[in-house]
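Novice: Residue numbers (our numbering), protein chains in the order written: chain R, 1 to 494; chain X, 1 to 273.
None of these hints come from the bench; they were simulated from the model.
The structure displayed is predicted, hence computed values, not measured ones.
Honestly, I wouldn't trust all of these hints.
[To be verified] In the DSBU-like style, the derived pairs of lysine-lysine whose C-alpha atoms are separated by at most 30 Å in a straight line are: (1) Lys254/X / Lys488/R; (2) Lys139/X / Lys120/X; (3) Lys139/X / Lys152/X; (4) Lys160/X / Lys139/X; (5) Lys86/X / Lys38/X; (6) Lys117/R / Lys154/R; (7) Lys488/R / Lys160/X; (8) Lys120/X / Lys160/X; (9) Lys38/X / Lys296/R; (10) Lys38/X / Lys488/R; (11) Lys488/R / Lys120/X; (12) Lys86/X / Lys120/X; (13) Lys154/R / Lys125/R.
[Said to hold, decoys possible] Derived coverage of chain X by chain R (criterion: at least 3 residues anywhere in the stretch with Cβ under 8 Å from a Cβ of chain R; other residues may be distant): (14) 74-85; (15) 118-132; (16) 234-246.
Backbone N, C-alpha and C fix where the C-beta goes; we use that ideal spot for every residue, glycine too.
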Amino acid sequence: MSILNIFFLVAAIGVSGYFLGRARAKNVSGGDLSKLHSLPGYAGAYVFLWATIPSVLFLAAWLMAAPFMLENTVRTGFPQTEQDTSENNQNLSMGMVRSLAGGLREFSVDERLGLPKIFEEIGPKLNERGIVLGSNGQDFMIDAAYTLIALQDKSRFWLTVIAITTSFIGAVWALSRIAIRLRARNQVETIILAGLIAASSIAVLSTIGIFLSMVAESGRFFASVPPMEFLFGTVWDPRFAAADNPGATGQFGLIPLLAGTIYIALVAMIVAVPIGLFAAIYMAEYASSRTRAIVKPLLEVLAGIPTIVYGFFALVTVGPLLRDISAQIAGIATGDGASFIQAQSVLTAGLVMGVMLIPFVSSLSDDVITQVPASMREGSLGLGATRSETMVRVLLPAALPGIVGALLLTGSRAIGETMIVVLAAGVAARLTLNPFEPMTTVTVKIVNQLTGDLEFTSPQTLVAFALGMTLFFITLGLNVYALYIVRKYREQYE
Amino acid sequence: MQMNTKFKPLENVPLNADPSPRAISICAEKVNVFYGEKQALFDIDLNVGANEVTSLIGPSGCGKSTFLRCMNRMNDTIDTCRVSGKITLDGEDIYSRDIDVVELRARVGMVFQKPNPFPKSIFENVAYGPRIHGLAHTKTDLERIVVTSLQKAGLFEEVKDRLQQPGTSLSGGQQQRLCIARAIAVQPEVILMDEPCSALDPIATAIVEELIDELRQNYTIVIVTHSMQQAARVSQQTAFFHLGNLVETGPTEKIFTTPDDPRTESYITGRIG
Ligand SMILES: Nc1ncnc2c1ncn2[C@@H]1O[C@H](COP(=O)(O)OP(=O)(O)OP(=O)(O)O)[C@@H](O)[C@H]1O
Ligand SMILES: [Mg+2]
């Protein structure tokens, strides 16, 4: 029976168990449900869980372990000449056996009897059914493939029997336990709790996993480039190893990238925060509910535009526009028409990224502001405060933790943004204070270092992990700082 | 009634110039209130006398709070709420176009049904109104206003050592008195109170009732209450609402002894509501 079918059968046993359990609980209650410790639905769920969970756990364990065990058995059956070869070679042979077995499964049991036992002869037969094998097979593999098929069939048979029996026994056992005082409700609750814990541990564990892998790879990077050189170096010039220059190491100075990242994010935040906050205040306090119903979704659409679109908007429209304007200004001021703003510049990237961030700031802050209890607002208005006084003195302070959170989220996005920067500020790692010149950011360089066919062996590629770590710590720092601010504020007011 | 007295704009009469502002009267004519499609008040005609305490009584949901909130246009803050009819404050139509709502609310203070102190310190809560309206010129002025307001609300003794603690850390009854102090600190001319004592113990209630009696010398007061005894104790006039209608109004004594309407009688004797 196929895995999917087993699964459905177990589920079917579970569902019937649910109905039987419910019915039985109603039955034992003698019609008076209030006598039951747990309502019939819980008794049903109790039976369902007993029927499915052990069986599915068993199924999962078997499916994970079985392939290894079966293939090991097959391997021990390999002829001595094969056993003497290297581990790698045996793995390859096993792979051939696996695909042979897969191919043979295309034939019915009777047809298989008529198939030749010589590798050169069986190949064309399989080809007829659309299965293509490598040419380096040996005859013993055919026997091994038949063994594997037999083992697999046996394994599947017992898997089916055991899974379904487990499910059945679970259901019957749970059904037999149903009684007036059975605490089915608490047990179901425990299972739900376990499920929830599992879900959140996956989130936490994957964070830890990502972090650890970054630590390990960065460690390899720092083995060839000293951390001090990376952290405080002012030149970014990783020089890819080339044929004429095989041992090239290059310079991996973080400072130009970090400066670019912070500079561009800063310009973006200077654009986004005031505009976004004012828009949020307008929407939360002044706009009629009809305006709000139109404006808010529109702003959220703005948030849904892919950043690459903003990127070419910057490249095609904003950048040239700024350049031309600056040329005109220069023309008027000095008479020579040289533009002082380059088309790709910190300013272009910052402006466009700022526009991209406005909806984040406004939408999140608007949510937070409208969540401040209406009674605060009424209290202030009732004392004869104007709406803006109410906003500044009561609503914003009360909403501050949430607003800080919103700004933080926005800041993290600004730091992590890549596409806009590539197109609007370029990829040149430069160190400058002039916002009218190109700069680039950490994320852009990560992409840069990892584009193409690469192996993670040279510092040129491993540096990506070090850069990733840097970003990780910057956002972590931002988070901690925001927490600190929020806590300080809380102490004052609550 | 002073229906025809000329309305004097507040700018000419600084709020703190006269510590005992002249009390004024409120007059409602054919007031209808709708929440969306649903009508909450039907043709209310009510005169609130100057230097009087008027109590609004009636079963839950009959529109007492709604009517109270009409008198300082607090209902404007509810999107779906529409008010028609005429309400005059000292002869001036408060729903006319050229009235300044913000100024109106400074003249007609309000204590809400649920205590709603700001998440600020006790001191800042009371100082909020005076600060906004520039009632205090110096820091000592401000402190004086805060202290007297707290004293009048009967809260000062309990909080004098912790004025810098958050207002939200007080008990429910203390919070309500803080809100009363906050309202009087603005020195309004009319004070609207929506069940100010519903969260208070008998002692605090007695303090607030005393306060109301005292305030009556200088202010006009409208109070919503569910306590018949309280209405009888503090008010001169009583208005009985039922299902959005003003059933009966008159001198408190008369309403509680010889009401005209059988519904009023059933309510005060505890048969409906
Ligand atoms: N914001 C609102 N939106 C819609 N309907 C409302 C709103 N506020 C009040 N109402 C309705 O208006 C009617 C009157 O409500 P109101 O709050 O004035 O009653 P109340 O007399 O103060 O009652 P209580 O004694 O319980 O405070 C009620 O039917 C209520 O459902
Ligand atoms: Mg009410």
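Novice: Give a verdict on every hint.
Specialist: How the hints compare with the structure:
no. : hint                : in the structure
1   : Lys254/X / Lys488/R : violated (57 Å)
2   : Lys139/X / Lys120/X : holds (18 Å)
3   : Lys139/X / Lys152/X : holds (20 Å)
4   : Lys160/X / Lys139/X : holds (17 Å)
5   : Lys86/X / Lys38/X   : holds (20 Å)
6   : Lys117/R / Lys154/R : holds (23 Å)
7   : Lys488/R / Lys160/X : holds (25 Å)
8   : Lys120/X / Lys160/X : holds (16 Å)
9   : Lys38/X / Lys296/R  : holds (28 Å)
10  : Lys38/X / Lys488/R  : violated (46 Å)
11  : Lys488/R / Lys120/X : holds (14 Å)
12  : Lys86/X / Lys120/X  : violated (37 Å)
13  : Lys154/R / Lys125/R : holds (26 Å)
14  : 74-85               : holds (count 3)
15  : 118-132             : holds (count 6)
16  : 234-246             : violated (count 0)
Violation of the numbered hints given earlier is confined to hints 1, 10, 12, 16; the remaining hints are satisfied by the structure.
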